[in-house]
Each structure stands twice: as structure tokens, then as C-alpha cells.
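Student: In case you want the letters, here they are:
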Amino acid sequence: MKFAVVVFPGSNCDHDAYHAVTHVLGHDAAFVWHKETSLSGADVVILPGGFAHGDYLRTGAIARFSPIMEEVRRFAQAGGPVLGICNGFQVLLEAGLLPGAMLRNRSLQYQCEYVFLRIEQTDTPFTSACRQGQVLKIPIAHGEGNYYAEPEVVERLERNRQVVFRYTTAEGAITPEANPNGSVRHIAGLCNEARNVVGLMPHPERACELALGSADGLVVLESVVKWGRESFLGDSRTDVTRDRPQEMTPDPISVR
Amino acid sequence: MRARVFVTLKPSVFDPQGTTVAEALHTLGYAAVKDVRQGKYFELDIDARTPDEARRIAAEAADKLLANPVIESYRIEVDTATAEAVTR
Numbered sequence: 001m002k003f004a005v006v007v008f009p010g011s012n013c014d015h016d017a018y019h020a021v022t023h024v025l026g027h028d029a030a031f032v033w034h035k036e037t038s039l040s041g042a043d044v045v046i047l048p049g050g051f052a053h054g055d056y057l058r059t060g061a062i063a064r065f066s067p068i069m070e071e072v073r074r075f076a077q078a079g080g081p082v083l084g085i086c087n088g089f090q091v092l093l094e095a096g097l098l099p100g101a102m103l104r105n106r107s108l109q110y111q112c113e114y115v116f117l118r119i120e121q122t123d124t125p126f127t128s129a130c131r132q133g134q135v136l137k138i139p140i141a142h143g144e145g146n147y148y149a150e151p152e153v154v155e156r157l158e159r160n161r162q163v164v165f166r167y168t169t170a171e172g173a174i175t176p177e178a179n180p181n182g183s184v185r186h187i188a189g190l191c192n193e194a195r196n197v198v199g200l201m202p203h204p205e206r207a208c209e210l211a212l213g214s215a216d217g218l219v220v221l222e223s224v225v226k227w228g229r230e231s232f233l234g235d236s237r238t239d240v241t242r243d244r245p246q247e248m249t250p251d252p253i254s255v256r
Numbered sequence: 001m002r003a004r005v006f007v008t009l010k011p012s013v014f015d016p017q018g019t020t021v022a023e024a025l026h027t028l029g030y031a032a033v034k035d036v037r038q039g040k041y042f043e044l045d046i047d048a049r050t051p052d053e054a055r056r057i058a059a060e061a062a063d064k065l066l067a068n069p070v071i072e073s074y075r076i077e078v079d080t081a082t083a084e085a086v087t088r
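So the protein lines, in turn, are chains A and B.
Just so you know, we're using this note's numbering here: the first sequence kicks off at 1 and counts up by one.
Just so you know, we're using this note's numbering here: the second sequence kicks off at 1 and counts up by one.
If you're looking for bench data, these hints aren't it; they were derived computationally from the structure.
One thing to keep in mind: the hints can contain errors.
Claimed, not checked - Calculated pairs, BS3-like style, for lysine-lysine (alpha carbon to alpha carbon, straight line, at most 30 angstroms):
#, chain 1, residue 1, chain 2, residue 2
1, B, K10, B, K34
2, A, K226, A, K137
3, B, K10, B, K40
4, B, K64, B, K40
5, B, K40, A, K35
6, A, K35, B, K64
Make a model of the complete structure from these sequences and hints.
Tutor: As C-alpha cells, then:
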């Protein structure tokens, strides 16, 4: 599978994402400068963390005008999987590809720590290999991750099952202490109505190797590979290919 | 012509910075300060013929960029003194 990692001036987790995709996951990735107008045939788009355009005005507010964002929008509207991590999530919010906005953390501090995330939905490209209720230990690093949306928007998100990740304890419990930044309903990540655009504040790409403290984030990237394989094969999940030995399963998209 | 745009968090949105500033003021003894809302302030130097035109352009700029309508609202003042100075 081919991943595009968009690079804005001020992105600083672009190499983390590239490393996780290529060296850990074993797939292809290419950096795409924000002034580009093509995603060069990528199967997955990652908007990485960092401080695009210095976070001037508001986080993500200037990045949404970058030329590549038109192409990202087109890719998303065509159903392509898009993952916004941290600042990338903030860019998706400002671009209107996901609903809501970020406020300053309740603590007013830039918080750099491990948190626990509970998987709320597994029918998105980035959680398809997860178990419902699975708890991941993943780091956050942000000053503005206090998710906010109007109450009726939050209700709609809940009704449509668009809340994909929630901050919980290690046991998966919702407690005030488990919410690091004050996000409404403990929302750490969500998807759009079509479910192909996902954004989250924690950094799964920084938690893909045990040597770095946790490998829990890898399942997010593995999910999109699984999702891609299944969507390329169409109905094959329910037909005979299901009973074939693992190594016989056709894998047209991981040719690399 | 100069337009001043004041962007603040909507009343319904919690403002942790404003709250912290209010607490600091209380520590200084300003019990009379009941609440603080922190915001952003922009001065736009606009090439417009009338204050109404300047206001319209500033409002468009605020809608599209200066404010995030999800969490913020804005107020615009057009500096008519400058307007007169320019038209004179």
C-alpha cells in the first residue's frame, strides 16, 4: 500500500509517520509537500503532527489553504482513507472535513504524556483491526487538544457512532482523571459521516515499537492495510477465499 | 480605512485562559472583576470607499478566516476618523 505523508511548513511528526509506515509496517510512503497539487496515486493520506504554519491564528487555520488540501478534500470525498494525527486532526477540523474545533487544554499546559484510548468503533479504515473496547496506550503531545463542538453536534456524533477513540483509564473506564485535556465526552478522535476520514490527538505513529515504550499504535496502521485489502477484494470476505490458507489470500495492494 | 475586528470565544464556550487571568486578578485583590474573556484583536487596513464597504470586507475576512464560527464570534468597528482623514 502506498501512503502519502503531507508535509506543511512546521510539520514535525512527518518523519515519525514515514518511519512507522515504511520501517515498521513495511509499506511504501512518500512525503508530499503542501504546495503540491497531486497525491501521486497514494492509497492512504496521513496529515502528520507538528505546528503547521507555526500554529499562527489558530492551529490548522492556515494549513487548510495549502494547495494540497484541495486534493486531500477530493481524495476524501472519493472515499479515500485520510488520517489526521494531532496537528493533522486540527487541520481536518479547520478544513471542515471533520466537525468541531479545538480549545486550549483545560490545564493551559502543553501536555506530553502517555494516555489510554478506548476503541469505540471498529468500522473505520483506521480501527478495522481493533477490537471494540480495546484500550491502547499511546502518547499525546499538544497544547490545544480540548475537543469542543456544539451540544447538538456532539449528540449527532454519538448517534452516528462517529466517536472513534475516547480517553479512559487503562481498564477502559471513563473517569475525570483519565481525560487529559478537558475534551467534551472524553473524545480523543472521531470520523466523518462516511467514516473514511479519521482524526485523533494522540500519536499512534510514535507508539509502534516496544523500544519506544509502546507498540499499541501499530494496530491503527495495520487496520488501514486490512481495510484496503478487504475493500479491494470486495465481497471476498464472505466467499471461498475466506477458507483459503493465509498465504494463498490474494493481496493485490501490498505489491511493493 | 481601518477596521478593527475583535474575536472572542462564544459565551457558551469555556475560556480556560480568561478564567486563569480572572483568578490572577483576584489574587491581586481585584475582587470587583467578576469574569474575564480573552480574545484576539485585528487591525485591517482596507482600501475601501465607504465605511460600509470596509465593514463588509472585514466581515467576510472574519467569516472566512479570522474567526472559527464553531467556537468564536466577532465584532467589527470601522475607524471613521481615519476614513475622514483619507477622504479629506
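Student: Decide, hint by hint, whether the structure agrees.
Tutor: Okay, the hints, checked on the actual structure:
| no. | hint | verdict |
| --- | --- | --- |
| 1 | B:K10 / B:K34 | 17 angstroms, holds |
| 2 | A:K226 / A:K137 | 21 angstroms, holds |
| 3 | B:K10 / B:K40 | 13 angstroms, holds |
| 4 | B:K64 / B:K40 | 15 angstroms, holds |
| 5 | B:K40 / A:K35 | 29 angstroms, holds |
| 6 | A:K35 / B:K64 | 21 angstroms, holds |
Hint violations for this structure: none, all hints satisfied.
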